[in-house]
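J.: Got chain R; can you put chain H on it based on the hints?
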Amino acid sequence: MIRKMIMTSCVAGLLLGTASQAMAHFGMVIPSDNIVTQQKKSVELSLSFSHPFELIGMDLNKPKKFYVSKDGKQTDLLGSLKEIKVMDHKAWQTNYRVKRPGVYHFAMVPKPYWEPAEDLSIIHYTKTIVAAFGADEGWDEPMGLPTEIVPLLRPFGNYAGNSFSGKVLMNGKPVPNAEVEVELYNQDGSLAAPSDYHVTQVVKADANGIFTFTCPRGGWWGFSALNEADYTLKNPKGEAKAVELGAVLWIYMDEYQAK
Amino acid sequence: MSILKKCITLCLLASVFCFLPSVSQAHKVRIFAYAEGNTIIGETAFSGGRAPKGSEIIVQDAASARTLLTSRTDDQGEFRFPIPEEARHGHLDLRIIINVGEGHRGEWLLEAAEYLGDGESESESTSDQLTEVAPASMTTKPISTNEELIRRVVEEAMDKKLSPIKRLLAQSQDKGPSLQDILGGIGYILGLAGIIAYIKSTKGEKK
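Which chain is which? The protein sequence lines are R and H, in order. Its first residue numbered 1, the first sequence is counted upward by one per residue in the working numbering. Its first residue numbered 1001, the second sequence is counted upward by one per residue in the working numbering.
Same shape as in the complex, but just chain R (with noise of 0.2 Å):
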C-alpha cells in the first residue's frame, strides 16, 4: 500500500516537474505553398493555435478576424473558415483563389485566449505573406496590425540556411531589444530536440527592433515577438489580467532541388 502512494507520487511529481518546462504558444496561418503558380493557382490555409515543434495543440475558436491584404486592400475571409481539426484541436481552415498577381499577406486576430499556467491573455496577431504568378512587390510592407513582423529578408523563395530578419513594430513603431521566440514546424513529427532549450530557440532584436536568425533547414518557421499590452483584459473569473500580445509571422524555406 505504502509502496503503491510512493509510486504516485513519484509519477506525479515527475508529470508536475515535465509540466513546468515553458512551452511557447504559436498562433498558427499555414498556407498549403507560399508561392502560387500557373500550375496551382489557389492555397489552403490552416489556422491554429499550437505548439509548433511538439505538434500539442490548443483549440482555436473562430477568430475574430481573418482577411488578405494586398497593395494595401482588405478582403475579409472570416465567412470563408470552416472548422477542422489540427493536432486533435479546433482549428480552421479555408481554400483561396488567387486571381491576380501579387503579393498576398494573410492575417489572423484571434479572440484572447486566456492561459491559466501564465495567468495571462495571449493574443498572437498571425501573419504569413503569399507570392502570386512571380509578383514580387508590397513584400515589405506592414499590415497595419496592433503589433507584427515586418520582414527584411523577402519572404519567399528562400532556402534553408538562409538568415531571415525582420522587424518588430508594436503600433508601427519598431521595438527596441524586443525578444522573439522561433520555432521549426516539425509538421511530420520526425523531428526530436536535444533539449527543451532547443524547441523554442530565442533572438532579440537590437535598438531599431531588427532581429536576424538563420534557419539551419527547409519548412516552415514561425518568429512570435511577444510584448506585454498597455491594457488589461478580464479572466473568465472577471479579473483583469494581464495580456500578452505575440506577432507572429511564418515563413518558409525551401530545400534545393536536384536537377
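Take these hints with a grain of salt, some might be off.
Below, a list of computed lysine-lysine pairs in the BS3-like style, where the Cα atoms sit at most 30 Å apart [unchecked claim]: (1) R:LYS173 to R:LYS241; (2) R:LYS241 to H:LYS1161; (3) R:LYS204 to H:LYS1160; (4) R:LYS173 to H:LYS1160; (5) H:LYS1053 to R:LYS73; (6) R:LYS259 to R:LYS65; (7) R:LYS234 to R:LYS82; (8) H:LYS1053 to R:LYS70; (9) R:LYS259 to H:LYS1028; (10) R:LYS70 to H:LYS1028; (11) R:LYS40 to H:LYS1161; (12) R:LYS65 to R:LYS41; (13) R:LYS99 to H:LYS1053; (14) R:LYS40 to R:LYS82; (15) H:LYS1028 to R:LYS41; (16) R:LYS204 to H:LYS1028; (17) H:LYS1053 to R:LYS41; (18) R:LYS90 to R:LYS40; (19) R:LYS73 to H:LYS1028; (20) H:LYS1053 to R:LYS40; (21) H:LYS1161 to R:LYS99; (22) H:LYS1160 to R:LYS241; (23) R:LYS241 to R:LYS90; (24) H:LYS1028 to R:LYS173.
Here are a few chain H residues that sit away from chain R, every Cβ distance over 10 Å (derived from the structure) [claimed, not checked]: (25) LEU1069; (26) ARG1072; (27) HIS1104.
Footprint (simulated), chain R over chain H, 3 or more residues, beta carbon under 8 Å [stated by the list, open to error]: (28) 1044–1051; (29) 1106–1112.
Source of the hints: derived by calculation from the structure; they are not laboratory data. Ideal Cβ positions, reconstructed from N, Cα and C, are used throughout, including at glycine.
T.: Showing chain H alone in chain R's frame:
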C-alpha cells in the same frame, strides 16, 4: 599616331563595358493574363515592378505553337486584345508570350476553360463581393484639426521620453518565479523524494 589609335580602342572598350551591365541585368519579366467578357487583358512587369513598355506580345495556340496574333504592351506594361474567333471556336489554350529582347521572355498559359468562362468566372465574381475591412492601421489617420496635430506631436514626444521608463517597468515585472515554476519545483522535489523513498523501501523489503 599609334598612341591615338590605342586611345580610341580603349575608349571603345570602355564604352562597351559601360553598356554591358545594362544588358546583363538579371531582371526577370513576368506576364499574367485573364479574360473579361470578350477581351483578354494582360499585365507584365519586370521583377521589382517596373513595366516593360511597348514590348512585343505573341499569342499562340498552345498545342501547335502557331501564332494567332501579336500585340504590344502600353506604358503600364498592360495589353488587351479581343478573344480570337478561331480560339473561341476551337477551344484553344493560348500561350501568351512577352518578348523584351535581350533573352528575356515570359509566358503565360491561358486555358480555354478560363477565358470561355464555364462557371469559374461566376465564383470569382462572388468572391469579389466580399466585404472590405477597414484598415486597422494606426499610422495613416488623416489629420483633421490643429488640436489633433498637437496631441499627436505631444504623444510622440511623450512616447520617446517615457520609453526607457516603460522598459524598466516591464523588466521589473518580468522577474520572479511564476506559479507554474513553483509547482514544477515542488513536483521535482516530490518526485525525487519519492524515488529515494521507493528505493529505500525495496531495499528494506529484501532484508
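J.: Now tell me, hint by hint, if it's right for this structure.
T.: Hint by hint, here is what the structure shows:
1. R:LYS173 to R:LYS241: holds (25 Å)
2. R:LYS241 to H:LYS1161: holds (27 Å)
3. R:LYS204 to H:LYS1160: holds (21 Å)
4. R:LYS173 to H:LYS1160: holds (11 Å)
5. H:LYS1053 to R:LYS73: Holds. H:LYS1053 to R:LYS73 sits at ~26 Å (cutoff 30 Å).
6. R:LYS259 to R:LYS65: Outside the cut-off at roughly 42 Å; violated.
7. R:LYS234 to R:LYS82: The hint holds at about 28 Å.
8. H:LYS1053 to R:LYS70: Status holds; Cα separation ~24 Å.
9. R:LYS259 to H:LYS1028: holds (21 Å)
10. R:LYS70 to H:LYS1028: Roughly 21 Å between the alpha carbons, so the hint for R:LYS70 and H:LYS1028 holds.
11. R:LYS40 to H:LYS1161: It is violated: about 51 Å lies between the C-alpha atoms, which goes past 30 Å.
12. R:LYS65 to R:LYS41: holds (24 Å)
13. R:LYS99 to H:LYS1053: holds (23 Å)
14. R:LYS40 to R:LYS82: holds (21 Å)
15. H:LYS1028 to R:LYS41: holds (20 Å)
16. R:LYS204 to H:LYS1028: violated (36 Å)
17. H:LYS1053 to R:LYS41: holds (27 Å)
18. R:LYS90 to R:LYS40: holds (27 Å)
19. R:LYS73 to H:LYS1028: Holds - the C-alpha atoms of H:LYS1028 and R:LYS73 are around 26 Å apart, at most 30 Å.
20. H:LYS1053 to R:LYS40: Holds. H:LYS1053 to R:LYS40 sits at ~29 Å (cutoff 30 Å).
21. H:LYS1161 to R:LYS99: violated (47 Å)
22. H:LYS1160 to R:LYS241: Distance ~26 Å between H:LYS1160 and R:LYS241 Cα, so the pair holds.
23. R:LYS241 to R:LYS90: holds (25 Å)
24. H:LYS1028 to R:LYS173: violated (34 Å)
25. LEU1069: Nearest chain R Cβ is 21 Å from H:LEU1069, so the label holds.
26. ARG1072: holds (20 Å)
27. HIS1104: holds (13 Å)
28. 1044–1051: holds (count 4)
29. 1106–1112: Held - the segment 1106–1112 of chain H has 3 residues with a Cβ nearer than 8 Å to chain R, which meets the minimum of three.
Checked against the numbered hints given earlier, the structure breaks hints 6, 11, 16, 21, 24 and satisfies all the rest.
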